[in-house]
Every structure is written in structure tokens, then in C-alpha cells.
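**Student:** Sequence:
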Amino acid sequence: MQVSTVLQELCMAPGVGGMTEAAACATEMLRPYCDMVKTDAMGNVIAWRRGKREGLPTVMLEAHIDEIGFVVTGVDDHGFIKVSNCGGVDNRVLTASEVTVYGDRPYAGLFCSVPPHLGGGDMPQVKDRGIDVGMTAEQAKECIPVGAPVSFRKAYKPLLGTRVCATSLDDRAGVATVLYCLELLKDEELPVNVAVLFSVQEELGTRGAPPAVFAIDPQVAVSVDVSFAASAMENGAITAKLGKGPMVGMSPSLNVAISRKMAALAKAQNIPFQYEGMGGSTGTNADKIGVVRGGVKTALLSVPLRYMHTPVEVADLEDIENTARLMAAFVKEGSGDVC
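Start counting the sequence shown at 118; every next residue gets the next number (the numbering used here).
Derived from the structure by calculation, the hints contain no laboratory data.
Owing to the predicted nature of the structure, the values given are computational and were not obtained by experimental measurement.
All residues carry an ideal CB built from backbone N, CA and C; glycine is no exception.
Hints may be right or wrong, so weigh each one.
What the hints assert, rightly or not - Calculated pairs, EDC-like style, for lysine to aspartate or glutamate (alpha carbon to alpha carbon, straight line, at most 20 Å): (1) K258 - D207; (2) K199 - E215; (3) K361 - E435.
Unchecked claim - Here are the in silico distance ranges between beta carbons for each label pair: (4) T253 - T356: 44 to 54 Å; (5) S201 - T356: 28 to 38 Å; (6) T253 - S348: 38 to 48 Å; (7) L276 - E215: 44 to 54 Å; (8) P308 - Q242: 29 to 39 Å; (9) M118 - G412: 32 to 42 Å; (10) G191 - M118: 42 to 52 Å.
Please take these sequences and the hints and turn them into a complete structure.
**Tutor:** Structure representation (C-alpha cells):
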């Protein structure tokens with residue numbers, strides 16, 4: 118398995134809330150590793166690799182498959198597409214950003230630039246912007262219905278070394294991590310059942326994971342997402358760095374024993390890692406996973422990411438691979454005393 122190839126295919130598949138292409142792509146990638154793969158009523162992808170013995174505990178590996186984007190709210194009299202954000206879009210990068218509008222077919226478009234004669238003023242909000250698809254109002258209203266999804270134009274570009282720039286690395290990097298973990302475990306006889314959840318609607322308020330977790334009923338969960346890596350002009354508040362390994366979440370909302378086990382395993386296996394200290398909320402699906410049913414012992418591993426929620430997110434393939442190695446080590450050796 119080539120992580121870069123898998124990640125590119127995942128990133129190029131549309132997955133704004135309500136779209137199914139990215140989930141379908143991930144489903145096919147899961148089939149070689151799992152006994153069963155299905156999609157639930159919400160669109161979550163759920164898969165199982167069951168152990169050979171009865172009564173084994175279940176460890177769930179989770180990453181979200183959806184991405185940020187927009188939804189069409191109307192067309193103005195000049196043919197410009199009006200949208201609302203679908204997830205936490207960084208408004209600062211929208212001017213002149215290229216997008217794809219999924220009407221009766223995909224249409225190329227771009228967010229309108231602010232005319233110079235309007236001056237510096239405040240940054241227009243998403244609802245006040247327009248997307249130019251080169252149509253008249255009559256054409257646009259016929260081809261692009263209200264509710265149509267809009268994504269940033271899909272792109273995947275290798276940078277120098279092992280770094281890549283792409284759309285929707287949040288959280289296709291996490292999905293690729295889980296898939297590579299399964300690759301590492303494919304010839305192992307495991308002491309646990311492994312359930313995989315590629316959840317939807319995380320960017321819409323972590324809505325997709327809880328019902329799927331309720332159905333899976335795991336004893337332990339490892340959620341894999343992305344988190345902030347330092348970039349230019351940082352003031353020191355962000356200390357994580359690209360290429361330095363997974364970020365092990367340390368938070369009172371996570372299971373302390375598993376978080377410590379992850380750090381100990383990384384040291385024992387010579388896997389580079391970084392700590393990520395957080396308060397009462399991680400801002401990820403881990404917050405919701407931990408409180409399903411009678412509670413799920415939950416850990417969070419994050420892939421360092423620059424420029425989150427923009428069309429030019431940057432990650433390091435070695436971080437993805439090392440996150441997968443740590444997760445595989447946990448499944449093989451480290452989960453027994455915390456299940």
C-alpha cells in the first residue's frame with residue numbers, strides 16, 4: 118500500500134456534507150482488510166475485522182470522511198451563486214478561491230473578488246459573497262438548485278520531501294492513517310475485534326459518529342483527526358511540528374490510561390510523537406464517542422496539519438505513517454490492559 122496514492126485518491130473524492138463519493142471510495146479501500154463493510158442510515162461507513170475467538174473486546178478505529186464546503190442558498194439577479202458555509206470554512210481565503218458547484222453536473226466556479234473601488238473595509242462574510250460560474254441568472258437557476266453542494270476545487274500536490282498540499286486533508290489524512298494501520302495488521306492474529314468507523318457530518322457538529330458508535334458498542338475507541346502544526350509567523354502558542362510524528366491527545370475528556378499507554382508505546386517502539394494538551398473539549402469526534410451508551414474509553418491521535426480549513430492544507434506523509442504505526446502497536450500489544 119502506497120500511502121501517498123491512497124491519500125490522493127481520498128482527497129480527490131468529493132465529500133461535503135450530504136455527498137457520498139468519498140465514503141464510497143473509502144468503502145472500496147476497506148474491503149480487502151475487513152470481514153464486513155456497510156453503510157448506515159446516516160451514511161457512516163462501518164467495517165469489522167473480527168478475531169478468531171469468541172468474547173474478544175472491540176477496539177474501534179475512527180476518522181471522519183466528510184469535509185468542509187458550502188451549500189447553495191440561491192442565485193442573484195446577476196447569475197452569481199449565493200451559498201452558506203457547510204462546516205467551519207476559513208473566510209479569509211475565499212476571495213478568488215476556485216470551487217466546484219455540483220448542480221445537474223459539476224460546474225467550475227470561483228468566489229468573486231472584492232472590487233477595488235469598494236475599498237479595504239471588513240472582510241465579506243460567506244453569505245454576502247457570490248460564486249461566478251459564468252452563467253446568466255436564468256441559466257444558473259435552471260442548472261443549479263438550492264441545496265446543491267459546493268467544494269473547493271479538488272487538488273493534490275506533492276511538495277518537497279514527504280510533504281503534500283491538498284484539499285480535505287482534514288480528515289482524509291485520518292482515513293488514510295486507519296487504512297495504513299489495517300495494512301500493518303493484515304497478517305497479525307489480533308487479541309481484539311477491530312471495528313472501523315469512517316464517520317460523516319463531523320464538520321456539521323460531530324453529528325454522524327454517535328449513532329454509529331451506539332451500534333458498534335466498542336469497549337475502546339481511537340479517534341484519528343488532524344490538529345494544528347506551526348507555520349510562519351507563529352507566536353509560540355502552537356508547538357506541534359510537521360514531520361515530528363503523531364500528536365497524542367492529553368485531555369480530561371479522554372481516557373488518561375490510554376493516552377499514557379499511547380505515549381509509552383511510542384517510546385518503546387521508537388515512534389516519534391508529540392503531546393497535545395487540551396482542556397475539557399478536543400473539538401473532535403472523540404468528545405462525542407466517549408459519552409455513548411455507558412461510556413467508551415477513548416483516545417485521540419492527531420496528524421499535524423498546516424492551514425486547516427483552507428484549500429491548501431499541508432501534511433507530512435511520515436506523520437500519517439507513524440500515526441498508523443502507533444495505532445497498530447496499540448491494537449496488537451497495548452489494548453489488553455485498558456479494555
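**Student:** Okay, which hints does this one fail, numbers in order?
**Tutor:** Those not satisfied are hints 1, 7 and 8.
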